[in-house]
Amino acid sequence: MTMQHKTAHELHSLLSAKKLSSLELTEAVLSRIDRTEPKVQAYVTLTKESAIKQAKAADERLKNNDNVTPLTGVPVAVKDNMCTQGVLTTCSSKILANYLPPYDATVVEKLRAAGAVIIGKTNLDEFAMGSSTENSGLHPTCNPWDTKKVPGGSSGGSAAAVAADECILALGSDTGGSIRQPAAFCGVVGLKPTYGRVSRFGLVAFASSLDQIGPLTKDVRDAALLLNYLAGHDPKDSTSVDYPVPDYQQALINDVKKMRIGYIKELLGKGVTRPVRSAVEKAMKKYQELGAELIELSLPSFEYAVATYYLIAPAEASSNLARYDGVKFGRRSNRSPDLLTMYYNTRAEGFGSEVKRRIMLGTYALSAGYYDAYYLKALKVRTLIKNDFDRAFSKCDVLLSPTAPTTAFGLGEKTADPLSMYLSDIATIPVNLAGLPAISVPCGLDKGLPIGLQLIGRAFAEETILRAAYAYEQNTDWHKQKPKL
Amino acid sequence: MLAMSKYETVIGLEIHAQLLTESKIFCGCSTKFGAKPNTNICPVCTGQPGVLPVLNKKVVLLAIKTAITLNCKVEPRSVFARKNYFYPDLPKDYQISQYELPLATGGYLEIEVEGNKKRIGITRIHLEEDAGKLVHQGAERIMGSEASLVDYNRTGVPLMEIVSEPDIRSPQEAKAFMETLQHLLQFIKVCDAKMEEGSLRCDANISLRPKGQAKFGTKTEVKNMNSFRGVQQALETEQKRQAELLDSGGKVIQETRYFDDQTKQTKSMRSKEEAHDYRYFPEPDLVPVEPSQEWIEEIRKTIGELPEHKKNKYEQDYGLPPADIEVLLSSPALAAFFEESLKLYDKPKVLANWLMGDISAYLNEHKKGIEELNFQPAKLVEMLQLIDKGTISGKIAKTVLVEVLDSGKSVQDVIKEKGLTQVSDAGELLKIIKEVIKSNPAQVEQYRSGKKAVIGFLVGQVMKASKGRANPKLANELLAKELGS
Chain A
750 MTMQHKTAHE LHSLLSAKKL SSLELTEAVL SRIDRTEPKV QAYVTLTKES AIKQAKAADE
810 RLKNNDNVTP LTGVPVAVKD NMCTQGVLTT CSSKILANYL PPYDATVVEK LRAAGAVIIG
870 KTNLDEFAMG SSTENSGLHP TCNPWDTKKV PGGSSGGSAA AVAADECILA LGSDTGGSIR
930 QPAAFCGVVG LKPTYGRVSR FGLVAFASSL DQIGPLTKDV RDAALLLNYL AGHDPKDSTS
990 VDYPVPDYQQ ALINDVKKMR IGYIKELLGK GVTRPVRSAV EKAMKKYQEL GAELIELSLP
1050 SFEYAVATYY LIAPAEASSN LARYDGVKFG RRSNRSPDLL TMYYNTRAEG FGSEVKRRIM
1110 LGTYALSAGY YDAYYLKALK VRTLIKNDFD RAFSKCDVLL SPTAPTTAFG LGEKTADPLS
1170 MYLSDIATIP VNLAGLPAIS VPCGLDKGLP IGLQLIGRAF AEETILRAAY AYEQNTDWHK
1230 QKPKL
Chain B
487 MLAMSKYETV IGLEIHAQLL TESKIFCGCS TKFGAKPNTN ICPVCTGQPG VLPVLNKKVV
547 LLAIKTAITL NCKVEPRSVF ARKNYFYPDL PKDYQISQYE LPLATGGYLE IEVEGNKKRI
607 GITRIHLEED AGKLVHQGAE RIMGSEASLV DYNRTGVPLM EIVSEPDIRS PQEAKAFMET
667 LQHLLQFIKV CDAKMEEGSL RCDANISLRP KGQAKFGTKT EVKNMNSFRG VQQALETEQK
727 RQAELLDSGG KVIQETRYFD DQTKQTKSMR SKEEAHDYRY FPEPDLVPVE PSQEWIEEIR
787 KTIGELPEHK KNKYEQDYGL PPADIEVLLS SPALAAFFEE SLKLYDKPKV LANWLMGDIS
847 AYLNEHKKGI EELNFQPAKL VEMLQLIDKG TISGKIAKTV LVEVLDSGKS VQDVIKEKGL
907 TQVSDAGELL KIIKEVIKSN PAQVEQYRSG KKAVIGFLVG QVMKASKGRA NPKLANELLA
967 KELGS
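If you read the protein sequences in the order shown, they are chains A and B. Sequence positions in the first sequence follow the working numbering and run 750 to 1234. Sequence positions in the second sequence follow the working numbering and run 487 to 971.
Errors might be hidden in some of the hints.
[What the hints assert, rightly or not] Below, in silico cross-link-like pairs of lysine-lysine (DSSO-like), each with a Cα-Cα straight-line distance of 27 Å or less:
#, chain 1, residue 1, chain 2, residue 2
1, B, Lys959, B, Lys835
2, B, Lys709, B, Lys750
3, B, Lys603, B, Lys675
4, A, Lys1077, A, Lys1105
5, B, Lys950, B, Lys917
6, B, Lys518, A, Lys985
7, B, Lys917, B, Lys953
8, B, Lys829, B, Lys895
9, B, Lys619, A, Lys1077
10, A, Lys1031, A, Lys1006
11, B, Lys835, B, Lys895
12, B, Lys881, B, Lys917
13, B, Lys917, B, Lys904
14, A, Lys1126, B, Lys569
15, A, Lys985, B, Lys544
16, B, Lys680, A, Lys1077
17, A, Lys897, A, Lys1233
18, B, Lys950, B, Lys937
19, B, Lys543, A, Lys985
20, B, Lys569, A, Lys1129
21, B, Lys522, A, Lys1077
22, B, Lys959, B, Lys884
23, A, Lys1144, A, Lys1006
24, A, Lys768, A, Lys1229
25, A, Lys985, B, Lys619
26, A, Lys985, B, Lys917
27, B, Lys569, A, Lys1105
28, A, Lys1034, A, Lys1144
29, B, Lys522, B, Lys619
30, B, Lys737, B, Lys680
31, A, Lys1077, B, Lys518
[What the hints assert, rightly or not] Which stretches of chain B does chain A cover? Using the computed rule of at least three CB atoms under 8 Å from a CB of chain A, they are:
#, stretch
32, 538-552
33, 768-776
[As the list claims (entries may be wrong)] Chain A regions said to be covered by chain B (calculated; three or more residues, Cβ under 8 Å):
#, stretch
34, 903-912
35, 951-963
36, 984-991
37, 1010-1019
38, 1116-1126
39, 1222-1231
It should be emphasised that the hints constitute simulated quantities derived from the structure, not laboratory data. All C-beta atoms, glycine included, are put in the ideal place defined by N, C-alpha and C.
Make a model of the complete structure from these sequences and hints.
Take a look at the structure:
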């Protein structure tokens, strides 16, 4: 096995034992990128030079045993909606194609402090709006398992990069499933933490009350390890919660005896393809064999989750994206005689059609006379969904569902039908609305395409879902499957 | 103004007060006025992608202080909201303000017009951020200008909006309201409240209704009143315009009108139909403001006695005339100085005379506040006690005072250095008196022939010869004795 195929925890042992240098590892990853990137196109910006510098600095730290962390010297990919000082941060949008942030996102700062090597910025659906990365204003990304298929989205670049061994770890962001769904489509592990667990400072906002940054990794241990360095209160983010951060690796115990796992009835019915359902049912059986208690649960309000999400998220987005007006940064249309025309042209030229669609949806939902019927109603349904989760968690410790109702679909297959695209997030959206943590782990393959299993926990119970995911992973081989590129 | 007698004027005010904080409301940038353009800025207040606001606690403290002073209820939970509109001086293209749930509600301010006291209701107090400043080239406004430059130094400066009930019945009352409010805000040190400099701004809603009618007439909103006089003039003009319109059978159109300080006219800015739909919604990047009762009580204790209470005390307990009270209460520092002095020297009228006479004159001349001088109540009292003891004369004291204020030295030092002690030594005085008698034979003759009043002139000569240092009472006695012999 080549070194870029390994996990961060395996590589950390080699790096610490001086059996491998970060420079060697980083160069291996970069040459892997050279080979596979033309097929995958996971990245929008590669930072080769600074990665080599960071690798050398990491080697110094390793040599002197100076403040070495499990991330020191490990190549990490960062979704291109997280600010990196002096490095392009485009959100895969033409409107920010030239944007150089004057500051680092808190998570990027934390990665740097831990000695991680930032290898590049990954592709996404423009401003994280989409489920296939086809809405990228720059280029699409292909699924490493089948390059005619989408990698999922919006963190499609990060998921594809991890699956293609074009990085060891990656950061994604999840507003309605944007970490978990691409993780499922690309056969990797993706964790969306509790809302408030990880600082959003420097994450370019899509929907502020739903966005959350999390890890995309090759196994559950790596997800726990990376979360250790992301989680925690940030004075720069008022919505980040001051709640103790445990060592998530301590939660990785191969034991789910007596754990009560509720499976969500509504998410194993119609709309879910047979192979996905059967893979998830096999996973349920596996948990039973391992001594967990399986409970059927109903969350009736889930029916309204997608509709609710498509009011709240676009409403917030319409306001969050107002600042891309050509005045201060990013693209400015230069064929405008006056201010209003400049606004119109800049935004007409700079935004792609899905972003425009959502800005219009959100603007409408917030307009005088419609606010109560749409936005306010959506907030009320959001509360109902939270209540449904609360009821469910009074009966179980973890909720289980497929991550996505299908495996990766074909490039171009759903671009003409936004509604069917929106439905690919049916299992992940309710979790964001309730602000809960959830993880997607590989649980099967259908026609050579990965299937994801979603495990949802109570707020700040990342440890519980990590443990459930870890036990499953230890007793199955799905995470060891690799795409043939 | 004949037309006016038929109508009753109804006015409500919306006041913006800039809060006296070192840093901005949502970031750490300085609020200092007059800095070079775009020097007090950072990623947060220029609305860079990915930034988040963090509420400055001092801003809440100052607003609570105001709320208590204006007899408002501080709400246990208030919520920031986004007010969405596009303009280049607004970097995020939304303003963070408070909308449905303001910081405080339901208070009043007592004003006095021509001896009549009246309570004006306060509807609400809320917090928001200021916008930047545009500078246009080649035109007055953005439309038609060759280019416009924007200075974001002011962006994010904390503002407190105070909204009054429509309880004001005349432009004069409106002016009185603003003056009283200014005085109060300065007194509790939450705002320097200078209308001319824009740290206190005011918009007015004004309507007319036939006397005796309960229903309000159609209102207009008047903007751009930049002084107390401006408030009164603008509202008088608008009141007259509306009265004439109604008299001629016309209708007032609900619109925003701009007061032109040059022509003293109001002109239409935009009608209700053109009014913005601000699409307010709760700001998802901030948590609700929930001040504890303990904190509110703590703040209440720091406010101390308000001008209204002081006024009563000065009037009733100290027997001061209204003119004195007005001067003493014109600055919190002066009032505090007076009260501190009073603890050491129990003659309020004497203290008031010095404070509103020589000391105020000195402060006006040097454009300084008493707190900026090295001059403490003990110094003033020491000087007054020396006058009482006869060590210096009242006239000399005036010279001593200026020297003390200029140099910051002690009263004793100044008197010693300048040799200004009063001459009460009979032997020394007698020498001077004999000289005076010698050089004024005509007056001495008049006195001796029975014209006793002429002694005043002779005492004056003694004072003059002693450079004001002679004890006048003793001089008088000794002179009478000398002349009588």
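A quick look at each hint next to the structure:
no.: 1; hint: Lys959/B / Lys835/B; verdict: holds (23 Å)
no.: 2; hint: Lys709/B / Lys750/B; verdict: holds (13 Å)
no.: 3; hint: Lys603/B / Lys675/B; verdict: holds (24 Å)
no.: 4; hint: Lys1077/A / Lys1105/A; verdict: holds (20 Å)
no.: 5; hint: Lys950/B / Lys917/B; verdict: holds (14 Å)
no.: 6; hint: Lys518/B / Lys985/A; verdict: holds (22 Å)
no.: 7; hint: Lys917/B / Lys953/B; verdict: holds (14 Å)
no.: 8; hint: Lys829/B / Lys895/B; verdict: holds (22 Å)
no.: 9; hint: Lys619/B / Lys1077/A; verdict: holds (14 Å)
no.: 10; hint: Lys1031/A / Lys1006/A; verdict: holds (17 Å)
no.: 11; hint: Lys835/B / Lys895/B; verdict: holds (25 Å)
no.: 12; hint: Lys881/B / Lys917/B; verdict: holds (22 Å)
no.: 13; hint: Lys917/B / Lys904/B; verdict: holds (21 Å)
no.: 14; hint: Lys1126/A / Lys569/B; verdict: holds (20 Å)
no.: 15; hint: Lys985/A / Lys544/B; verdict: holds (17 Å)
no.: 16; hint: Lys680/B / Lys1077/A; verdict: violated (31 Å)
no.: 17; hint: Lys897/A / Lys1233/A; verdict: holds (14 Å)
no.: 18; hint: Lys950/B / Lys937/B; verdict: holds (22 Å)
no.: 19; hint: Lys543/B / Lys985/A; verdict: holds (14 Å)
no.: 20; hint: Lys569/B / Lys1129/A; verdict: holds (22 Å)
no.: 21; hint: Lys522/B / Lys1077/A; verdict: holds (18 Å)
no.: 22; hint: Lys959/B / Lys884/B; verdict: holds (19 Å)
no.: 23; hint: Lys1144/A / Lys1006/A; verdict: holds (16 Å)
no.: 24; hint: Lys768/A / Lys1229/A; verdict: holds (23 Å)
no.: 25; hint: Lys985/A / Lys619/B; verdict: holds (26 Å)
no.: 26; hint: Lys985/A / Lys917/B; verdict: violated (81 Å)
no.: 27; hint: Lys569/B / Lys1105/A; verdict: holds (20 Å)
no.: 28; hint: Lys1034/A / Lys1144/A; verdict: holds (19 Å)
no.: 29; hint: Lys522/B / Lys619/B; verdict: holds (12 Å)
no.: 30; hint: Lys737/B / Lys680/B; verdict: violated (36 Å)
no.: 31; hint: Lys1077/A / Lys518/B; verdict: holds (22 Å)
no.: 32; hint: 538-552; verdict: holds (count 4)
no.: 33; hint: 768-776; verdict: holds (count 4)
no.: 34; hint: 903-912; verdict: violated (count 0)
no.: 35; hint: 951-963; verdict: holds (count 7)
no.: 36; hint: 984-991; verdict: holds (count 5)
no.: 37; hint: 1010-1019; verdict: violated (count 0)
no.: 38; hint: 1116-1126; verdict: holds (count 4)
no.: 39; hint: 1222-1231; verdict: violated (count 0)
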